[in-house]
Structure formats: structure tokens, C-alpha cells
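Undergrad: This is what each chain is made of:
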Amino acid sequence: MNKKADFGDVLIDNLIYLILLVIFIAGVIAFIYSNMNGANVWGDYYVKQVVGIVDLAKPGDVIIIDVQKATEIAKKNKVFDFEEIFRFDNMKSEVCVKLSQGRINCFNFFNNVNVAPDSSQKWVHLAEPVNRLHLQIIAKEAS
Amino acid sequence: MIQRRAQLGEQMMIFVFIFFLVMIGAGIVIGTFVFVGAEFDFRQTEASLLSYKVKQCLDEERLFGMEKMQIGERRGFFMKECGFNESSLERNNLVKICKGDVTLKQCIDLKQEDSFFSTGGNFQVCDLNDNDDFAGCSSRILLKEGQKYTVLTISKQSIRRKL
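As they're listed, the protein sequences go chains C and H. At position 87 of the first sequence (counting the first as 1) the number is 87 in our numbering, and the numbers step up by one without a gap. At position 59 of the second sequence (counting the first as 1) the number is 202 in our numbering, and the numbers step up by one without a gap.
What the hints contain is simulated information worked out from the structure, not anything from laboratory work. Please note that a few of the clues may not be correct.
Claimed, not checked - Sample of chain H residues facing chain C (criterion: CB under 10 Å; computed from the structure):
no., residue
1, Phe207
2, Leu247
3, Gln249
Said to hold, decoys possible - List time: in silico BS3-like cross-link candidates among lysine-lysine, alpha-carbon distance up to 25 Å:
no., chain 1, residue 1, chain 2, residue 2
4, C, Lys78, H, Lys305
5, C, Lys69, H, Lys248
6, C, Lys75, H, Lys291
7, H, Lys291, C, Lys92
8, C, Lys58, H, Lys305
9, H, Lys291, H, Lys196
10, H, Lys242, H, Lys305
11, C, Lys92, H, Lys287
12, C, Lys58, H, Lys248
13, H, Lys254, C, Lys140
14, C, Lys58, H, Lys299
15, H, Lys211, C, Lys58
16, H, Lys196, C, Lys140
17, H, Lys299, C, Lys92
18, H, Lys254, C, Lys58
19, H, Lys305, H, Lys248
Predicted model, so just to flag it, every value in this text is computed and none were measured. Built from N, CA and C at the ideal position, the CB exists for glycine as well.
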């Protein structure tokens with residue numbers, strides 16, 4: 001009986017250690033998981049490349065970019081709707097790329113233009129023969 | 144008394160425990176970044192794209208007449224004529240244009256009111272040549288109708304991660 005009470009005391013004494021350990025392990029697993037498949041690195045790469053292209057573009061340009069790798073990574077990370085991968089916020093002049101659940105990489109472009117999808121209103125066009133991002137560059141005043 | 148001292152010692156062990164967690168965590172983070180690489184540095188490319196566009200704007204004489212304007216009016220005129228988004232450029236970039244026969248160093252040191260155009264800010268980073276930690280500066284020289292223009296651009300933008 002006495003031994004049981006001792007065991008309870010030891011557990012309560014170490015409870016704070018156990019809670020800290022569980023939080024730490026959960027954090028480490030989340031960090032490793034998010035970096036495991038390169039979603040962060042590829043998201044970083046894609047957003048900056050798209051911004052670079054938009055910065056150099058002129059109104060009237062139609063831009064087509066191979067995004068096969070981005071769609072493969074997004075699919076692995078359970079982002080099944082490919083229209084969610086690339087987001088363009090013309091108000092903030094911002095491009096965001098989402099290649100994994102819950103994490104988005106964003107970057108600004110300095111070119112004073114609006115970015116819009118093509119006439120089909122879809123950003124990502126599948127199997128052409130690879131998946132491609134279609135962008136239309138529009139003058140700020142015209143839109 | 145002896146028992147209280149023992150309790151205090153036991154409670155102090157939590158700092159040792161947290162220290163170990165921090166050390167292990169830092170080791171994992173450093174190890175991961177060594178393996179997957181640090182952030183893809185785009186600052187040099189962005190600064191170069193910006194200086195190219197500013198040079199193009201000067202070359203096409205879209206900034207003609209800006210010199211006669213007040214400093215306050217120049218900013219809006221520059222952004223409009225060269226097609227830059229004012230809020231985005233002000234937040235992430237610096238631009239300076241020096242007119243006349245000045246060296247790069249002189250252009251860096253030139254005050255905002257004495258330059259052809261300047262967004263303001265510190266351009267000393269452009270003086271730190273070949274230093275990868277300050278990779279966000281680009282300079283271009285344009286010779287137009289006997290006049291020399293020195294264009295300095297800086298990118299300080301880094302990726303923003305949202306959840």
C-alpha cells in the first residue's frame with residue numbers, strides 16, 4: 001500500500017518533466033516532418049522564381065511555368081486542390097505558395113501590375129504534358 | 144531543514160533538463176538546415192532586376208523633368224513613370240540614382256536631397272564588396288546623351304512564412 005503511494009508521488013513529482021518532454025518531442029517531430037519532403041525549400045524556390053518573372057513582365061504578357069515538381073510535393077503533403085498552391089494577392093502585390101498543409105511562403109513583387117489566371121479561370125493546367133501554371137499580366141489601371 | 148535543501152536541489156534540476164532539451168533541439172535544427180540548405184537567397188537577383196528596370200526607365204527618358212520637381216513630388220512621379228508598386232518597393236527595396244560624374248562610393252555617400260532620386264535609407268551595404276552576407280545590392284551605370292547616371296538598388300526582402 002505504501003509502495004503504491006510512493007509510486008504516485010514519484011509520478012506527480014515528474015509530471016512537469018513529462019509534459020515538457022512530450023511538448024519537445026512533438027515539436028521536433030513536427031519540425032522534421034515539415035522539412036522531410038522539401039516542401040519548405042521548394043515553396044521558397046517557387047515563390048521567388050514566380051516573383052522574379054512577374055517583376056520583369058509587362059502588361060499583356062502571358063506566362064506559362066512548369067510546376068510539375070510543386071504539384072508532386074503538394075500532393076504528397078495532402079494538398080489535393082492544386083488551385084490552392086499558388087495565390088496572387090494584387091492588392092498587396094504578393095505571391096504565396098502552399099506546398100504543405102498549414103504552411104504558406106509569401107513574397108512581394110515590385111512591378112505595378114495585376115496577375116490573373118487565363119480565360120479558363122484556372123491557375124494550374126494539368127498534363128500539358130506536365131502540370132503548368134498559366135498567368136496573365138494586366139495593367140493595374142485596366143483591371 | 145535537510146529535507147528542504149534536497150527539495151530545492153531537485154527543483155533546480157528542471158533548469159538542467161531544459162538546458163538539455165534546448166541543446167538537443169538546436170542540434171536537430173542545425174543538422175536539418177545543414178542537410179536541406181538555408182533560405183534560397185533572392186536578394187541579389189531582385190536588386191539586379193530592379194536596377195535593370197530603373198536603368199530601362201532612365202534610358203527611355205520617362206524620368207525627364209524630374210530634376211525640377213520638389214523632393215516630395217519625385218517619389219510619386221518615379222513610381223508611376225517606371226511602373227513600380229509604391230508600397231511594395233518602399234517596404235522591401237531602396238533605390239538611388241546619381242547624376243553626373245560620381246564614383247560608386249560618392250554616390251553611396253550622397254545625401255537624398257543631392258541625388259537625382261532616392262527613396263532614402265542606408266546604402267552603405269553597397270560598399271561591402273564580395274560579401275555574401277550583404278548580397279542585396281546592385282549597381283548599374285548608364286551613359287545617356289553625355290550624362291552619366293549611377294543606379295543603386297538594394298533588396299532587403301526575405302520570405303514570409305504564414306500558417
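Undergrad: Provide an ascending list of the numbers of those earlier hints which the structure does not satisfy.
TA: 1, 2, 3, 5, 6, 7, 8, 10, 11, 12, 13, 15, 18, 19
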